[in-house]
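Engineer: Listed below are the residues making up each chain.
There are 4 protein chains.
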Amino acid sequence: MTTVGFVGLGAMGSRMAGRLLEAGHQVYGTSRTQDKAATLVSGGLVWCATPREVAAAADMTLSSVSDDAAVEAITSGPDGILAGLGRGDVYIDMSTIAPSTSRQVAGRVRAIGAQMLDAPVSGSVPAAEDGTLVIMVGGEEATFRTAEPLLRVLGRTVTHIGPNGQGLLLKLAVNLNLGAQMLAFSEGLLLAERGGIDRKLAVEVMTDSAIGSPMMRARAPLVLDLPDEAWFDVSLLAKDLGLALTAGRELAVPLPGATTTADLLSWAAALGYGRRDIAALFEVLGRTATSEVTVSNARA
Amino acid sequence: MTTVGFVGLGAMGSRMAGRLLEAGHQVYGTSRTQDKAATLVSGGLVWCATPREVAAAADMTLSSVSDDAAVEAITSGPDGILAGLGRGDVYIDMSTIAPSTSRQVAGRVRAIGAQMLDAPVSGSVPAAEDGTLVIMVGGEEATFRTAEPLLRVLGRTVTHIGPNGQGLLLKLAVNLNLGAQMLAFSEGLLLAERGGIDRKLAVEVMTDSAIGSPMMRARAPLVLDLPDEAWFDVSLLAKDLGLALTAGRELAVPLPGATTTADLLSWAAALGYGRRDIAALFEVLGRTATSEVTVSNARA
Amino acid sequence: MTTVGFVGLGAMGSRMAGRLLEAGHQVYGTSRTQDKAATLVSGGLVWCATPREVAAAADMTLSSVSDDAAVEAITSGPDGILAGLGRGDVYIDMSTIAPSTSRQVAGRVRAIGAQMLDAPVSGSVPAAEDGTLVIMVGGEEATFRTAEPLLRVLGRTVTHIGPNGQGLLLKLAVNLNLGAQMLAFSEGLLLAERGGIDRKLAVEVMTDSAIGSPMMRARAPLVLDLPDEAWFDVSLLAKDLGLALTAGRELAVPLPGATTTADLLSWAAALGYGRRDIAALFEVLGRTATSEVTVSNARA
Amino acid sequence: MTTVGFVGLGAMGSRMAGRLLEAGHQVYGTSRTQDKAATLVSGGLVWCATPREVAAAADMTLSSVSDDAAVEAITSGPDGILAGLGRGDVYIDMSTIAPSTSRQVAGRVRAIGAQMLDAPVSGSVPAAEDGTLVIMVGGEEATFRTAEPLLRVLGRTVTHIGPNGQGLLLKLAVNLNLGAQMLAFSEGLLLAERGGIDRKLAVEVMTDSAIGSPMMRARAPLVLDLPDEAWFDVSLLAKDLGLALTAGRELAVPLPGATTTADLLSWAAALGYGRRDIAALFEVLGRTATSEVTVSNARA
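Protein chains in written order, with our numbering: chain A, 29 to 328; chain B, 29 to 328; chain C, 29 to 328; chain D, 29 to 328.
Treat the hints loosely; a few may be bogus.
Note: identical chains are not told apart, hence a pair may lie in one copy or across any two.
Stated by the list, open to error - Below 25 angstroms or equal to it, Euclidean Cα-Cα: the simulated DMTMM-like pairs (lysine to aspartate or glutamate) are: (1) K64 with E157; (2) K64 with D261; (3) K228 with E176; (4) K228 with E169; (5) K228 with D256.
Derived from the structure by calculation, the hints contain no laboratory data.
Bound-form chain A, shown alone (with noise of 0.2 angstroms):
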């Protein structure tokens, strides 16, 4: 059984760090703040003071964690991950953040002769309990190979996309779909029931249909009440989407629907919605049909 390290305990990476406990690897890790780490640490994990403890300790570490910038801080400076790989060991970041960042990461992680892996996951909380996530990973074939088994304990679909920062792209290019399904899937229902149409009838037959993805057939219970509790809120697909355009730019690639959708989740976190999940889309969009604006519209 590989050593494994884990930075990063928070909502994912707590469970992805439980279930290769199960698994029986020795785990060693840390996050933030030591708290949410408690149930693990009971569970045989080994709490470290810092990133660099964790990847000195461990053969192949891994990290999960919300943005770039934290990427960056527990990566470098004496404290972090960087200071702790030796010549051969193997690190997995599984954070959504921009694949050129992550190809400069591995770039300084190549340069003291260990590998990088982007492995961003598609799929949340349930999934990482379960151990059905869908992972796409950037990096060199034979680090792939190397890692996979480890991999295939947290993901029921493990794929080797191509070279560093591949992994991210092509999650980019997913999450970049959910969230123009997402608005799609809310404007042709408020279209149907402000034509009269009832709305529970109305998402049943449009998930029924050739249009319902496994996202939307998921999702539709959420739109018709949705929770105070976020699957996956609307400022972390807004970060998806504005690393997506990012990505478009720099690539040259027009996107007209990603724009637009990201233009509708900073109106929503304007109006207050950004911690709530993004089936409130459909709220968000009810919110300016039913504004005094659209009342002059409909007159006209």
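Knowing the structure of chain A, use the given hints to seat chains B, C and D on it.
Structural biologist: Then chains B, C and D, alone, in the frame of chain A:
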């Protein structure tokens, strides 16, 4: 067995009329040109000179034509369906037209003591042939009950949505999603490919993820290899989105995603893709990404 | 001097009626409430109980109301303008409404042997007071010639654009530009300011450059210091853009810029800016740029 | 009289160098090809083999090239401007490039004891010839003071905007408006024309109204009769908008109007209008309005 009329024996209509014949119904029919109807006539269809004669001969008259103007043409005037309908007859229009147009025709049908349903279908030629269409029906509940057995010969699901026009409105809501999904999929795929990811691999991972709707999974091969013959062409989807946007204006529902998609379809047509399958959006989007303009963009 | 009628003595109408009185015309008038008309009555305006009485007393009847529904209300029914018009009378509607609505009313006016002009104005309260409005007129050439001297009391330019409805259509074309200019100016200014440039300096250089339209130069102080009272509010511009978008759909003219502007106005209203001057777009745009979402974006 | 260097003697640069010669300055210059410089050389310009030689011979070196890559090419390497700059020298780049690129070059210039200004210009060839450009300058106040007299030979207004990069940022803010105004004008004009209004009359009334910016009034004849030779072509404006959108992403400023305009410019280029004047947007927009798709729309 009900005596059935069918006006409009084009790609879709001829398949539906064929199924009704096979199911043992006596079918009277007409269309703009008689040549395409030869097979149906040899299968038992009784050819009529005008829509009026069809409606006069049948208990239930169905129609499937291209747009609002065509529905107007086959229903109005001395040779139109309305001139042939008797008290208690049922007229079922399966065309995709404006809900408001359909409601107007329904009013005129009601005025002569007959009943009308709008019953637009989701699904293309193969589904029409197999009788696996999804049929969304607007009109009175009792009329729906009367027509339901006949419609079940044509569709795998036949759902009563609400009063006249609501079958059409929900159909537009569905097709608005179809367009937005096709656009987002094209954006994601182009982003992946321009970032160096293999096109086939990207399609595979994307359609296998939570965003992979039945429509996207079915269309994936067409995106990889755009066929000469369309399943559903750019100009037809553009027509449907135009109807959705008009309905959106009438109901004061903002449709930013549908607007963005409709814009792209317009450019696709301007670039000569009007009769190609909507899978062409991937290629069309790539056209701007390779123009001199985006080259400038990339250098910047 | 022509005997003139005026229906709708609101912010704009009262100023126009005032100018007609000052020019020596006998003016009969009415409005939803009489209180605002006190000054006009003391200045010689003869108050009438209904629009019909106004039209019956006057050779030329003008109106200036808020929207399509209001025009319908003042023209139709036993107390409406049409009931008071005689053969050869002229009815001039200065409201900004749908060209198609105006053409319908014009048809009804023609049917009773009178004539109608649509004469929407460009310019706000001060221009109405000074008689420096820009008036775009639709209707028959001969009717225009008859009405021109009266309209010249109200506007610095009075132009015959074409048949009924075309004055309105050009007005919508102008206001579509007004909205797009306001949005683009806000975007440029926000970009400059967030990049560290002094807001006043940016406004100065921008309005002094080739993009500085009279509208932008006049509105610059309002952008720097948003007033409580609006010159032209968000919901009114949204109404005009709604009319433009509907006309665009009818004429199959793509209006991507106007659509984008209309979307922003909807969000502005949803955020509570419906009654603020359109200069508020700068502030509204800044609302999304400071939300948690854009913070995420920035870190990315 | 200052000894002046000029790198990049294209359409703009040659005119600016010509004015500096006329003003009595000793001018050293170079460009990618020498042929276009013949007139300048006969007017007194001293031709140099490399940008380095120009910078070495001059007290103040100006440059005007097409994009970020070109600025990189003329400043870097053994033959670049930086290799020729001495302590206390001033380098003024008048190209329109990314503010971030310009700031990077400025840092390298500072490192060798010299100073850099970004001084992009608003105005085209005639304004360069007449010395009536609008020049927005970024860099240190003291350096600006030193360079101001020289820049006043070239521009009617020369304004210090702020630190390095801010001249460029404001230039992008201005050009973003230019594009949006051109698009909105095209939309309004197309709406008017398709509604039956005479194109010339519509242009006249629109440019005479409050939305008539100097840019629109100057460009009106080109909209009515698109010239073969461009004042400012689609691909150059697309480049500027690309820079603005990238700056918008970096500063987390939403730019919906600029995004919409940039999209249209991309389609214009895809349709073969890349080298046509931006007045072509009217014609380009009309291309979608006459395609089969919008015909379908109209029928709907």
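Engineer: Against each hint, give a clear statement of whether it holds in the structure.
Structural biologist: Consistency of the hints with the structure:
| no. | hint | result |
| --- | --- | --- |
| 1 | K64 with E157 | within (16 angstroms within a copy, 58 angstroms between copies) |
| 2 | K64 with D261 | within (21 angstroms within a copy, 51 angstroms between copies) |
| 3 | K228 with E176 | between (42 angstroms within a copy, 21 angstroms between copies) |
| 4 | K228 with E169 | between (47 angstroms within a copy, 18 angstroms between copies) |
| 5 | K228 with D256 | within (20 angstroms within a copy, 39 angstroms between copies) |
When each numbered hint is compared with the structure, no violation occurs for any of them.
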